[in-house]
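2 protein chains.
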Amino acid sequence: MADDILDRYRESIDNIDAALIFMLAERFKITKAVGEHKAAAGLPAADPGREKVQIERLRTLAKSAHLDPDFSEKFLRFIIDEVIHHHRRAKATF
Amino acid sequence: MADDILDRYRESIDNIDAALIFMLAERFKITKAVGEHKAAAGLPAADPGREKVQIERLRTLAKSAHLDPDFSEKFLRFIIDEVIHHHRRAKATF
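Residue numbers (the numbering used here), protein chains in the order written: chain A, 12 to 105; chain B, 12 to 105.
Incorrect hints may have been included.
Given that identical chains are not distinguished, each listed pair holds provided it fits within a single copy or across any two copies.
[To be verified] Simulated crosslink set (BS3-like; lysine-lysine; CA at most 30 Å straight-line):
| no. | residue 1 | residue 2 |
| --- | --- | --- |
| 1 | 49 | 102 |
| 2 | 74 | 49 |
| 3 | 40 | 102 |
| 4 | 85 | 102 |
| 5 | 102 | 74 |
| 6 | 74 | 85 |
| 7 | 43 | 102 |
| 8 | 49 | 63 |
| 9 | 102 | 63 |
| 10 | 40 | 85 |
| 11 | 63 | 85 |
| 12 | 40 | 63 |
For the record, the hints were derived by calculation from the structure and aren't laboratory data.
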């Protein structure tokens, strides 16, 4: 059954998803560089203080965008878990 | 300890995270409209065929961006779970 309204919504969702994927790819490129830089500079991999600041900042941004702040925190943790997973995998290849 | 390189990386990560949050806010606005449209048109809430197409598309985009395709699939499921959670919460307020 043709549904032009639904099709238009789905086109927008697909555009946003593509943007999200490419943005995430760029983010992981940077966190990879951060991992390499920290290893070279002898800095610890984790930085709980930084993470706390990131969470607070994203919660504030989420509120201003009428997005659930709890979701923005869950989202950041989801991404950070993947970053840690990447770092572990990178170490395992040495 | 001042570390200009790390500071610059973190600035980029913060910029990308802000973009991700605003993009996600826009995506949830659209899925909310989709939910309302489906309810009004008497369409079923879930559409497994659509989800399959979305996953395949995102996996292909992820590969072209050198992002782990498994992660892109995990990411979409994470977002879809939140959409379902929103829809349930919206129903519960009626």
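Practice item. Taking the numbered hints from earlier one at a time, note which ones the structure violates and give those numbers from smallest to largest. Key: none
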